[in-house]
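Novice: Whole structure, please, built from the sequences with the hints as guidance.
Number of protein chains: 2
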Amino acid sequence: MDDLGASTPFLNKYAQKVSLCRRILRSIWHFLSKEPAKSIHALKMAIAFTLAFLLALIELPYSVFGDHIIWAIMTVIVVFEFTIGATFSKGVNRGIGTLLAGLLAVVIGELASLGKGIVHPIMVGACAFITGAMVTYGKLWPTMKPYEYGFRIFLITFSYIMVAEYRQSDPIRMAVNRFFIILLGAVIGISVNVFVLPLWAGDELHEIISKNFNSLADSLEVCVNEYLRGAVLERVPTKILMGLAADDPVYEGYRSTLISAAKEESLATFASWEPPHGRFWKFRYPWQNYVKVGAILRHCTYSIVALHACLRSAIQAPVQVRSLFRDEIFAVSQACALAFRKLGGQVSLMQKSDGMAIMSGVHRAVEQLQESLYLRSYLLVRPETGILEQKLTEELPLSVIPEIKKSEVDMEVAGRFNPTALGIAVKPESPLELNRRQYKRLYSWPHREVDDYKFTKDSVLQQKVRVLESASAMSLGTFATLLVEVAMRLDYLVDAVDELGELAGFREVVKEQSNGPEQQGEENGTNHSMFVL
Amino acid sequence: MDDLGASTPFLNKYAQKVSLCRRILRSIWHFLSKEPAKSIHALKMAIAFTLAFLLALIELPYSVFGDHIIWAIMTVIVVFEFTIGATFSKGVNRGIGTLLAGLLAVVIGELASLGKGIVHPIMVGACAFITGAMVTYGKLWPTMKPYEYGFRIFLITFSYIMVAEYRQSDPIRMAVNRFFIILLGAVIGISVNVFVLPLWAGDELHEIISKNFNSLADSLEVCVNEYLRGAVLERVPTKILMGLAADDPVYEGYRSTLISAAKEESLATFASWEPPHGRFWKFRYPWQNYVKVGAILRHCTYSIVALHACLRSAIQAPVQVRSLFRDEIFAVSQACALAFRKLGGQVSLMQKSDGMAIMSGVHRAVEQLQESLYLRSYLLVRPETGILEQKLTEELPLSVIPEIKKSEVDMEVAGRFNPTALGIAVKPESPLELNRRQYKRLYSWPHREVDDYKFTKDSVLQQKVRVLESASAMSLGTFATLLVEVAMRLDYLVDAVDELGELAGFREVVKEQSNGPEQQGEENGTNHSMFVL
Numbered sequence: 001m002d003d004l005g006a007s008t009p010f011l012n013k014y015a016q017k018v019s020l021c022r023r024i025l026r027s028i029w030h031f032l033s034k035e036p037a038k039s040i041h042a043l044k045m046a047i048a049f050t051l052a053f054l055l056a057l058i059e060l061p062y063s064v065f066g067d068h069i070i071w072a073i074m075t076v077i078v079v080f081e082f083t084i085g086a087t088f089s090k091g092v093n094r095g096i097g098t099l100l101a102g103l104l105a106v107v108i109g110e111l112a113s114l115g116k117g118i119v120h121p122i123m124v125g126a127c128a129f130i131t132g133a134m135v136t137y138g139k140l141w142p143t144m145k146p147y148e149y150g151f152r153i154f155l156i157t158f159s160y161i162m163v164a165e166y167r168q169s170d171p172i173r174m175a176v177n178r179f180f181i182i183l184l185g186a187v188i189g190i191s192v193n194v195f196v197l198p199l200w201a202g203d204e205l206h207e208i209i210s211k212n213f214n215s216l217a218d219s220l221e222v223c224v225n226e227y228l229r230g231a232v233l234e235r236v237p238t239k240i241l242m243g244l245a246a247d248d249p250v251y252e253g254y255r256s257t258l259i260s261a262a263k264e265e266s267l268a269t270f271a272s273w274e275p276p277h278g279r280f281w282k283f284r285y286p287w288q289n290y291v292k293v294g295a296i297l298r299h300c301t302y303s304i305v306a307l308h309a310c311l312r313s314a315i316q317a318p319v320q321v322r323s324l325f326r327d328e329i330f331a332v333s334q335a336c337a338l339a340f341r342k343l344g345g346q347v348s349l350m351q352k353s354d355g356m357a358i359m360s361g362v363h364r365a366v367e368q369l370q371e372s373l374y375l376r377s378y379l380l381v382r383p384e385t386g387i388l389e390q391k392l393t394e395e396l397p398l399s400v401i402p403e404i405k406k407s408e409v410d411m412e413v414a415g416r417f418n419p420t421a422l423g424i425a426v427k428p429e430s431p432l433e434l435n436r437r438q439y440k441r442l443y444s445w446p447h448r449e450v451d452d453y454k455f456t457k458d459s460v461l462q463q464k465v466r467v468l469e470s471a472s473a474m475s476l477g478t479f480a481t482l483l484v485e486v487a488m489r490l491d492y493l494v495d496a497v498d499e500l501g502e503l504a505g506f507r508e509v510v511k512e513q514s515n516g517p518e519q520q521g522e523e524n525g526t527n528h529s530m531f532v533l
Numbered sequence: 001m002d003d004l005g006a007s008t009p010f011l012n013k014y015a016q017k018v019s020l021c022r023r024i025l026r027s028i029w030h031f032l033s034k035e036p037a038k039s040i041h042a043l044k045m046a047i048a049f050t051l052a053f054l055l056a057l058i059e060l061p062y063s064v065f066g067d068h069i070i071w072a073i074m075t076v077i078v079v080f081e082f083t084i085g086a087t088f089s090k091g092v093n094r095g096i097g098t099l100l101a102g103l104l105a106v107v108i109g110e111l112a113s114l115g116k117g118i119v120h121p122i123m124v125g126a127c128a129f130i131t132g133a134m135v136t137y138g139k140l141w142p143t144m145k146p147y148e149y150g151f152r153i154f155l156i157t158f159s160y161i162m163v164a165e166y167r168q169s170d171p172i173r174m175a176v177n178r179f180f181i182i183l184l185g186a187v188i189g190i191s192v193n194v195f196v197l198p199l200w201a202g203d204e205l206h207e208i209i210s211k212n213f214n215s216l217a218d219s220l221e222v223c224v225n226e227y228l229r230g231a232v233l234e235r236v237p238t239k240i241l242m243g244l245a246a247d248d249p250v251y252e253g254y255r256s257t258l259i260s261a262a263k264e265e266s267l268a269t270f271a272s273w274e275p276p277h278g279r280f281w282k283f284r285y286p287w288q289n290y291v292k293v294g295a296i297l298r299h300c301t302y303s304i305v306a307l308h309a310c311l312r313s314a315i316q317a318p319v320q321v322r323s324l325f326r327d328e329i330f331a332v333s334q335a336c337a338l339a340f341r342k343l344g345g346q347v348s349l350m351q352k353s354d355g356m357a358i359m360s361g362v363h364r365a366v367e368q369l370q371e372s373l374y375l376r377s378y379l380l381v382r383p384e385t386g387i388l389e390q391k392l393t394e395e396l397p398l399s400v401i402p403e404i405k406k407s408e409v410d411m412e413v414a415g416r417f418n419p420t421a422l423g424i425a426v427k428p429e430s431p432l433e434l435n436r437r438q439y440k441r442l443y444s445w446p447h448r449e450v451d452d453y454k455f456t457k458d459s460v461l462q463q464k465v466r467v468l469e470s471a472s473a474m475s476l477g478t479f480a481t482l483l484v485e486v487a488m489r490l491d492y493l494v495d496a497v498d499e500l501g502e503l504a505g506f507r508e509v510v511k512e513q514s515n516g517p518e519q520q521g522e523e524n525g526t527n528h529s530m531f532v533l
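Protein chains in written order, with full-length UniProt numbering: chain R, 1 to 533; chain V, 1 to 533.
Keep in mind that a hint or two might mislead.
Subject to a maximum C-alpha distance of 30 Å in a straight line, what follows is the list of computed DSSO-like cross-link-like pairs (lysine-lysine) [unchecked claim]:
1. V:239 x V:211
2. V:145 x R:145
3. V:282 x V:211
4. V:352 x R:239
5. V:263 x R:263
6. V:211 x R:263
7. V:352 x V:211
8. V:239 x R:282
9. R:211 x R:145
10. R:352 x R:282
11. V:239 x R:211
12. V:145 x R:34
13. V:263 x R:38
14. V:263 x R:239
15. R:263 x V:145
16. R:38 x R:282
17. R:34 x R:17
18. R:145 x V:211
19. R:263 x R:352
20. R:263 x V:38
21. V:239 x R:352
22. V:145 x R:211
23. R:239 x V:145
24. V:38 x R:145
25. R:239 x R:263
26. R:239 x V:282
27. V:239 x R:145
28. R:38 x V:145
29. V:34 x R:145
30. V:211 x R:239
31. V:34 x V:263
32. R:34 x R:211
33. V:263 x R:211
34. V:239 x R:263
35. V:263 x R:145
Hints are computed from structural coordinates only; laboratory data are not their basis.
Specialist: This is how it looks when you write it as structure tokens:
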């Protein structure tokens, strides 16, 4: 090595070049390995494409099929999709579309050729018109949507063979030829896709659904912990309103579940085209049940979205009020998150387990929360009823949230804004703009005539503050109720996962945890309690 | 007419046949006119297809382009999409893909042909491999998604010309030929699509978004009216959980908003390809703002979903409690529905109007609801606190909801179920199955050890009932808070519609309604008050 270091300038240059090459190669490798599935797909496509190309380059197939061999390459290009299911679906669509269209075109072409002179092209044209209209209408039929590609190929082959027939080539030979060339292309495409590093739609669906359980659990935990910590957040930012990626852990947790409906649906459709493979070694694997589980997860998500809205609501329970029910709310969120994770684990590991055991911890926690709300709900309503005066002034100096108090003050200073000048372009990045919008919003809310009030002993401002105080304490009740709603929807989820496990033949596991769900819950609680403090 | 009726059997038969034909034609017409857009599309496709076919049937173009004329027909078939924007997008993709691939293939082919003997096919194969891998990888790039079709066409043309080049045809002539034929097909497809009964993606997007405002308003109104009427509904049925169409007016109202995200996105993409037309006579029309409005509508929908969950929740406020706040809740729902409709009208008629004026009715109603909650929220908490005893026993015989009472009784009779036998297949249609599942759910909820209770003066059952009573009254507070949340999200919607109006240049309208939103609200209230009674 020392020898090399002390060698001639030529060798030095050479070493530099090598290291440059290595750096370039490494950065390419880094780039490609970021999303390995995409690289794998590109590589597979290149292999299939080249194999089809060889058909045209090598003498034997070319001498048999002639220039038509290009159809095999086109078939590979068109049929080769990301997942195996999609490739199968397209390949079969293409095959059947070609076959049927070939048969129809040969028959119609023969009939049309009975007309002599000008009648022949008119009949061909009329047949084209009718076929075109009917096939296009059929393609738009709702139940025909998965076969849309087949309809398109039908028209292409139909016109191809009709033209050949009209132009006095040998239409039958051409139809057979075209069918076999397309078959050849489809076989190349499908074989490469299946036998070289296969990417199954079923696997992807399984992963997505399993992951969504965990991210919902994360989302729920973070949301409840932030709430109990008394985080004061601005209202829902525009990015979240628009469903775009945003830097909010709660939102990031549930976002993928919220937007993945179409993807899950199409993956399930493709997966149903796939033969039994790997973990899913079962004929007629119940892929549609994954979609069902996904849909019910989405339904749980709607409740979490509502919880998130509570967390970011302008009218908030003061942190002292929240702390009254802290343990119970925390226990419910922990139990629900644990249930989500356990169910996700069941799906992910393909294990069956006792739904009742999973839910018993949740039920216990929910009941304790309800009981606690029952016993102490009087703390949530208006402070000056008399009996609570003492307790509240001691324990909780119920204050309006800072935002609102600020708005009252600012309003006096800022005076009236010109509303038409404010409702224009939204640039969530500009703090100035945000400020203006905030003003507008805060200004627009407490807008009321004095006469509306039925009590007049206090100043209007004081009354206003008291109404908002009451609403703010009430919002804790809402938060708790929504949390209970999440817990209740878990029941449906347990059913759906059970059903999936039954139909998919998940493995039975020895019920070791059926006795101690509470212990596990508590254990989990202590593990995560640092979040609350 | 009488003559015909009394004529010979032959004429009779003839008349029968005519009436049969007429019936058939009428039913076909009925069938086609059900979804006119689909029929129009099919007709247009047939026209374009036939026109392209004529190129192959008539001597002149055929003598120029020969058998390659089939590419024009294929281009029409492939490019012809439902909306004009989609057709443009595909046409341009196809054109540019073909052009670039043609250039690249000619250059690479010439370079590869420098290698003699076995080197030539090897170089061609290597080029195919590299091109295939790179193009496929590029296609998967997230920002390249709209151009996916262009990449595919690139590969097809590339292979087509490379093979031609290898097989000693005239590649440049072929590339030019192919380009012009494809251009011809694209021109036919696009012209027919634009000039014969055009279907614009922009129009469809505009309609969808406008309609969603009204259906959300309907959904909200029905939901609140049902709630105030004290409707006792079963829990959310599986169909709704799965996002399928279901016979529930509340759900049907918000469903389309909930599931239309992907559709709105793709329509906006296609619309941005469309030239200015009709009402949208503006260069760079802000289609993405429609998507934004749609997204914020979806965010409002999540709150309505939560309201709907309240309506169908197992734990419900008794109708007497609901009636305490009936007027205020009804006023908020009416004001919100009116605001939704007004905003929808603005979008639909492309008018600008004052957002503050629209919202002032909503703000007033929300404040009255909050005030009322403040003044009477003590009615929502546990009845035996003492001060309320008298009032409650007079006004509200707070009873547990029938479902739960029934479950307590049934439980005694039914004994313990075997839980593993219950968690299996869900068939929402079977009433027996539903019953069993209902049992399971009702059984599974009130499951708790007696020791958990901190008070022991009543029997366990009585205590249990009281806890549920408290939770049930509390659920009214949740309903009200969620309703307020809907109202608050309307602010964002007003902003988004304002922004859209500003950028799209909606017409300014004379502000006639800016003084009397309350009057309109009240008027509306009386119109719809029959729903409540």
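Novice: Hints first: check each against the structure and report whether it holds.
Specialist: Status of the hints after comparison with the structure:
With a C-alpha separation of about 23 Å, the suggested pair residue 239 of chain V and residue 211 of chain V falls inside the 30 Å cut-off, and the hint holds. For the hint linking residue 145 of chain V to residue 145 of chain R, the alpha-carbon distance of about 21 Å falls within 30 Å, and the restraint holds. Proposed proximity of residue 282 of chain V and residue 211 of chain V is supported: the alpha carbons are some 23 Å apart, at most 30 Å. Proposed proximity of residue 352 of chain V and residue 239 of chain R is supported: the alpha carbons are some 25 Å apart, at most 30 Å.
Simply put, residue 263 of chain V and residue 263 of chain R have alpha-carbon atoms about 13 Å apart, close enough for the 30 Å limit, and the pair holds. Simply put, residue 211 of chain V and residue 263 of chain R have alpha-carbon atoms about 25 Å apart, close enough for the 30 Å limit, and the pair holds. Only pairs whose Cα atoms come within 30 Å are accepted, and residue 352 of chain V paired with residue 211 of chain V is accepted, the gap being roughly 18 Å. A threshold of 30 Å between alpha carbons decides the hint, and for residue 239 of chain V with residue 282 of chain R the separation of about 27 Å falls inside it, so the pair holds.
Between residue 211 of chain R and residue 145 of chain R, the direct Cα distance comes to roughly 29 Å. Compliance with the 30 Å bound is thereby established for this hinted pair. At roughly 16 Å between alpha-carbon atoms, residue 352 of chain R and residue 282 of chain R fall within 30 Å of each other, so this suggested pair holds. A threshold of 30 Å between alpha carbons decides the hint, and for residue 239 of chain V with residue 211 of chain R the separation of about 24 Å falls inside it, so the pair holds. Restraint check: the Cα-Cα separation between residue 145 of chain V and residue 34 of chain R comes to about 19 Å, which is no more than 30 Å; the hinted pair holds.
Under the criterion of a C-alpha separation no larger than 30 Å, the hint pairing residue 263 of chain V with residue 38 of chain R is consistent with the structure, at around 25 Å. At most 30 Å may separate the alpha-carbon atoms for a hinted pair to count; residue 263 of chain V and residue 239 of chain R meet this at roughly 19 Å. For the given pair, residue 263 of chain R sits about 15 Å from residue 145 of chain V by alpha-carbon distance, which is consistent with the 30 Å threshold. Between residue 38 of chain R and residue 282 of chain R the alpha-carbon distance is near 28 Å, which keeps this suggested pair within the 30 Å criterion.
A hinted pair counts as satisfied when its Cα atoms are at most 30 Å apart, and residue 34 of chain R with residue 17 of chain R qualifies at roughly 26 Å. As the CA atoms of residue 145 of chain R and residue 211 of chain V are separated by approximately 24 Å, the hinted pair is consistent with the 30 Å bound. Using a Cα cut-off of 30 Å, the hinted pair residue 263 of chain R and residue 352 of chain R holds, with the two alpha carbons roughly 26 Å apart. A C-alpha spacing of about 25 Å is found between residue 263 of chain R and residue 38 of chain V, which places the hinted pair at or below 30 Å, so the restraint holds.
As the CA atoms of residue 239 of chain V and residue 352 of chain R are separated by approximately 25 Å, the hinted pair is consistent with the 30 Å bound. The suggested pairing of residue 145 of chain V with residue 211 of chain R holds, with an alpha-carbon distance near 25 Å, which does not exceed 30 Å. For the hint linking residue 239 of chain R to residue 145 of chain V, the alpha-carbon distance of about 21 Å falls within 30 Å, and the restraint holds. This hinted pair checks out: residue 38 of chain V and residue 145 of chain R have alpha carbons roughly 14 Å apart, not beyond 30 Å.
For the hint pairing residue 239 of chain R with residue 263 of chain R, the CA-to-CA distance comes to about 21 Å; that is within 30 Å, so the pair holds. A distance of roughly 27 Å separates the Cα atoms of residue 239 of chain R and residue 282 of chain V; the hinted pair therefore holds under the 30 Å criterion. Restraint check for residue 239 of chain V and residue 145 of chain R: satisfied, since their Cα atoms lie roughly 21 Å apart, inside the 30 Å limit. Our distance criterion of 30 Å between C-alpha atoms is met by residue 38 of chain R and residue 145 of chain V, whose separation comes to about 14 Å.
This hinted pair checks out: residue 34 of chain V and residue 145 of chain R have alpha carbons roughly 19 Å apart, not beyond 30 Å. Under the criterion of a C-alpha separation no larger than 30 Å, the hint pairing residue 211 of chain V with residue 239 of chain R is consistent with the structure, at around 24 Å. Of the pairs offered as hints, the one joining residue 34 of chain V and residue 263 of chain V holds, with about 22 Å between alpha carbons and a cut-off of 30 Å not exceeded. For a cut-off of 30 Å, the pair hint linking residue 34 of chain R to residue 211 of chain R stands: about 19 Å separates their Cα positions.
Simply put, residue 263 of chain V and residue 211 of chain R have alpha-carbon atoms about 25 Å apart, close enough for the 30 Å limit, and the pair holds. Between residue 239 of chain V and residue 263 of chain R the alpha-carbon distance is near 19 Å, which keeps this suggested pair within the 30 Å criterion. Distance restraint check for residue 263 of chain V and residue 145 of chain R: the Cα-Cα separation of roughly 15 Å lies within the 30 Å cut-off, and the hinted pair is therefore satisfied.
Every hint from the earlier list agrees with this structure, and none is contradicted.
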